[in-house]
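Asker: Residue strings, one per chain:
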Amino acid sequence: MKKTRNQKAWFMVLPVLILVAFSAIIPLMTVVNYSVQDTFGNNNFFWVGLEWFEEILASDRVHDALGRQVTFTAIILAIEVPLGIFIALHMPKKSGFWSSLCLVLLALPLLIPWNVVGTIWQIFGRIDIGLLGYTLDKMGINYNYTQNALDAWITIIIMDVWHWTSLVVLLSYAGLRSIPGPYYQAAKIDQASRWAVFRHIELPKMKGVLLIAILLRFMDSFMIYTEPFVVTGGGPGNATTFLSIDLVKMAIGQFDLGPAAAFSLIYFLVILLVSWAFYTVMMNMDKEADV
Amino acid sequence: MSLELKNISLAVEGHLHIYQSNLKLEKATMNVLLGPTLSGKTTLMRIMAGLEKPSSGQIIWNGKDITNCRLQDRDVAMVYQQFINYPTLSVYENIASPLRVMNKNKHEIEIAVKKAAEILKISPYLDRKPIELSGGQQQRCALARALVKGAGLVLLDEPLVNLDYKLREELREEIPKIFERSGAIFVYATTEPEEALLLGGNTAALFEGRIRQFGKTSQVYRNPKDIITADVFSNPPMNFLKFRKKYKKLTFEGGISHTETDHLSNLSDGDYIAGFRANHLDLTRKRAAQIKFSVRVNHTEITGSETFIHMNYTGEKWIGLVKGVHNLEQAANIPVYLDLAHIYIFAEEGNLELSAFYATKVK
Amino acid sequence: MAKITLTNLAHSYLNNPNHDNDYALKPLNHEWTDGTAYALLGPSGCGKTTLLNLISGLLTPSKGKILFDGNDVTDLKTAARNIAQVFQFPVIYDTMTVRENLSFPLKNRGMKKDYIEKRVKEVADAISLNDILDKKASGLTADIKQKISLGRGLVREDVSAILFDEPLTVIDPHMKWQLRTQIKEVHKNLGHTMIYVTHDQTEALTFADKVIVMFEGEVLQIASAAELFERPAHTFVGYFIGSPGMNILPVSIEEDNAVLGSHNIMLDAKYKKLTGKIELGIRPEFVTITNDPFALPVTIDKVEDVGHYKIARGRFQDHPLNIILNECDEIKSATTHVIFDKKKINIYQNDWRVEP
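Just so you know, the protein sequences line up as chains S, E and U, in that order.
If you're matching positions, the first sequence starts at 1 in our numbering and goes up one per residue.
If you're matching positions, the second sequence starts at 1001 in our numbering and goes up one per residue.
If you're matching positions, the third sequence starts at 2001 in our numbering and goes up one per residue.
Honestly, I wouldn't trust all of these hints.
[Unchecked claim] Straight-line distance between alpha carbons at most 30 Å, and here's what the computed DSSO-like set of lysine-lysine pairs gives:
| # | chain 1 | residue 1 | chain 2 | residue 2 |
| --- | --- | --- | --- | --- |
| 1 | U | Lys-2107 | U | Lys-2003 |
| 2 | U | Lys-2063 | S | Lys-94 |
| 3 | S | Lys-188 | U | Lys-2121 |
[Said to hold, decoys possible] Derived Cβ-Cβ restraints for the label pairs, each shown as a range:
| # | chain 1 | residue 1 | chain 2 | residue 2 | range |
| --- | --- | --- | --- | --- | --- |
| 4 | E | Lys-1114 | S | Gly-208 | 43 to 53 Å |
| 5 | U | Met-2266 | E | Ala-1028 | 38 to 48 Å |
| 6 | U | Lys-2107 | S | Ser-23 | 52 to 62 Å |
Derived by calculation from the structure, the hints in this document are not laboratory data.
Backbone N, C-alpha and C fix where the C-beta goes; we use that ideal spot for every residue, glycine too.
Here chain S stands alone, though its shape is the one from the complex (with noise of 0.2 Å):
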C-alpha cells in the first residue's frame, strides 16, 4: 500500500536520531578512531592504518576465543532450539488456568537480571554451600568448576539453558498456536503418527518463528559476557574465555585499546554478517509462502 506522504513526521523521528546518535553512534565513530590508531600513552595519537585489524585475525589468542565461542553457540542452539520445541509441543495446548500457569513458570528465568543468573549459578554450583555442588560431592562426583574445565563448561551450559530455553518454547508455542484445528483433523483422518504430524505439519508452519528465535539465541549466546563472567571469570585459566570476555580483558584489562578497537568492530560484522544471512533466508522463505 503506498502511504500518503507527510513531511511533519520526520520531526516525530528527530529525538530519537539524536538520542540513538549519542547513545549509538557517536562511541561507535570513536571506536573506530582508535581501531586505527596507536598511542604512546599521554594521550599522544598517530595513525596505524589496517595493522590493529590485521594483528588480531591473525592472533592466535583471538583464534582460540573465536574457536570456543563457536563451539558454545553451536552447543546452545543444538541444545536449546530442540529442547524449547520439545517443551513447546507438550504444553497444555488449550488456553486457561493450565496454559497460564506454564507461561508465567517459563517467563520466570526470563526476567532474573543476568549478573544475578550468573551470581546463581556460581554459589549453586559451590561444594561448600551451593545444593548442586554439595550434593554432587556427597554422592562422590568429583566436581569443581573453578578448577575443572569441562566441569566449567557443563556449568555454563546449563546455565545458559534453564535461563533461554524459554524464549525458544514460548516463540514455538506462539507459532504452534497459530495452526487451525482442521490441519490436525486432517492428520488423525490420515491416521498419521505423530512424528509425521511434526515433520509434515508443525514443522513447516512454525518455520517462521524458529528463525526468530535461532537468530536471537544465536545473536545473544555469540556476545555472551556477564553470566559466564561472574561464575567463572573465564576460568580456569582461558577455558571458559568466549570473545568478549576475551575482548574486555583487552582493552580494559591491557587498556590496549587500537586491538580492542579492531577487536570490536571485526566482532560486530561478523554478527552483522550473519544476521543479515539469516534475514534473507527469511525473507526468501516468505515470498515462497506468499506464492
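On the provided structure of chain S, position chains E and U as indicated by the hints.
Answerer: Leaving out everything else, chains E and U in the frame of chain S:
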C-alpha cells in the same frame, strides 16, 4: 454532488493493475462494480477513497480536484467484507466514533446513533460488544457507522459475501432503502450478477483492471458491448457458438443452418460468435422459428424450481437453465431449442456486432 | 462405504443442559443410506456443523449413539471411524508434492507400494489431477488444493463416508461451478456416502440427493430438492428455500377454502377443522397475474429485474406477497389481480404442514 475519475490508472511494480479508466458518478445513485475476483474492484474503490494514489489521472469531487487530498480530508465512508468494528468498544461507541472525531456534542451524538441503530435494526444491541453479535448484526453495526457519518461517498466492498444467503437477501433489500435518504453516491462491489441486478442503479462491468462498460444495470445486462462484458454479467456463464453468415443463411458449427430473420438482414456476411444465456434454451419447441440443436447431456443439477443442464455440443460445453424439475439421463442425446432473437452476435475479436433482438423489447 | 445410523443423538455445549434451548443439536434419529449424497442446509447456528462434527468424531455427543454398519462408534475417535473430511479452507501438506499428498493416508496404513501407485493414479484420473501429480502442493490455486483434500479421502477404498464442511467458501465463484460438477461426478462414479454442510441453497439443492434442512438445532425436513420445493414441511423450510422464499399468509380454513379478510382462496382438497396459528403458503413461482377482476386483488409496490426473471413485490390485504414474472413480462398498473395455483398451496398449522 458528483465523483469523476479521469484517466485513472494504477501501476504496481511495472504491471498495470488498473488501465486508463473514466467514470462519472452522480449524486444519490447506486453504482455497482461487477467483476470476478482480481478484476480491480477493490483497487478502484481504494483509489476513490484515497487509500491508493493513482499512477496517473485525476479524481474530481464536486468539481474540485482531490487526487492529492488525504483520506482524512475526504468525505467518504467504507464498509468491508470482514465486518470491521472496533472490538473493544460497545456497539453504541462504535457507531458514535466518527461523530466523536467530528467533535459533535453529546446530545447530537445520542440522537444520531439511536436513529442509525433503529434504521439498521440493532437498537437492542447497543450495549453489547461486536464479538457478542452474530455476523449479520456485526455487519449492520459497520453499516450504521458508515451511515451516521453522513458521507457523500459510501463505498461497500462485497459487504454481504460472508453472510449466509438468506441474510444476504434481507440486507440486500434494506441497503438501498437505508441509504436512499442520505442522497450520497454509493459504490458497491460484487462478483454476482444477480446482486447487481437486484441492487439496480448503474453497473460498471470490470475485467482484469478495465472498466468494460458502465451504464444502467439492466442496459449493461441486456446490451453488453463485448463478449467479456456479456460473460462477466452472466451466471451461469454465457454459452457460445461460432457461425458463418453467407447469402442470407446462417450456418452454425455442427452443421445446423437457418435462414436469417429480419433483424439479421443488416448483418454483413462473415464469421461470428453467437452468445446466448442459459435460460434461453428450451427443452421443447416453443416457437416455429426456433433452431434445434442436438446435444449430449453431461449431468443435471436440480434446484427445486429449476434445473441446470450441463451439456456438450460439438465440443462446446453449454449450460441450460430450464423451469421445473427434469431428471435427464446422463449421456442422453436430447434436442434443445433456441430463438434467434435471443442471440447476441459478436465479432471474432469480441466486440458486439448486433445485440439480441429480444433485448430491445424488454423494459 | 457404510450405513450410518443415529439413535437419539443430541449435543449440548453446556455441561448441564436443562431444557431444549441448551442443546445445539436436538434429539435426532436418522438412518443415512449408503451411497447417497446428503446436504445439511440451514442458517448460521442451526447445528449443521455440530452434526457434522459428531459424525466425524471431533465431538462426542452428550446423548445418543452413532452406528456405522451397525457397529457402535460413539466412543471411537476420528481416526478409527474411517471417514474423510474436506474443510472450509484447503488442508494440504505443504512440504509434499500432489502425489505424496495423495499417497500419505495409504502409506500411514502400511499399504504396499504398487497398490498405492495404482490408487493414486485412479483417484488423480477421477478428479483430473494427473498432469500436476509431481508439482509441489503449496504453490497451487485454492480449487486444486481442495481437490487434493478430496483426493486424500478418495484414495482409501474402505472410507465409510466423505464429509464436506462448506468446502467452496474460499473458491472463486467462477470455479465453484466446475468444482461442484466434479464432486458430483465423483459421487456418481465412485458412489461414496457424502455429507455436505452449507448455508447456500443452490449448492445444497444441486449437489444432494436428499437435503436435510435444519433450524435452531432441529431437523425440519429431509427430502429431495423437488419435494422441499413443492411440499415444505415447515414454514421455515418454505422461507429458506427459494429466492425469494415462500409467501406466507395468515388464513382460516373452511373445508376447501382458505379465508383471508373478505377473500376466499380455493384449495385443492378439503381440510379438517384446524385450530391454532393457521397459515397458507404459496411460492412466488406459483402466483400468476391475471386480468380476471374477480381474482385476488394485489397492489404492486416494486418490480425487480433479476436477469432471467422478474420479482414483483406487492401486498395482498396488507400482507407482503412476492410474484415471479418472466423476463419479458410487464406490469402496467400498480393494482392488479392474481391467482394461486391451488395444486401448489400448502396449509400450515403452528408452522407445520398439514395434510388435507
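Asker: Indicate, hint by hint, whether the structure satisfies it.
Answerer: Here's how the hints hold up against the structure:
no.: 1; hint: U/Lys-2107 / U/Lys-2003; result: holds (26 Å)
no.: 2; hint: U/Lys-2063 / S/Lys-94; result: holds (24 Å)
no.: 3; hint: S/Lys-188 / U/Lys-2121; result: holds (23 Å)
no.: 4; hint: E/Lys-1114 / S/Gly-208: 43 to 53 Å; result: holds (47 Å)
no.: 5; hint: U/Met-2266 / E/Ala-1028: 38 to 48 Å; result: holds (45 Å)
no.: 6; hint: U/Lys-2107 / S/Ser-23: 52 to 62 Å; result: holds (58 Å)
Going down the numbered hints, you'll see the structure goes against none, and every one checks out.
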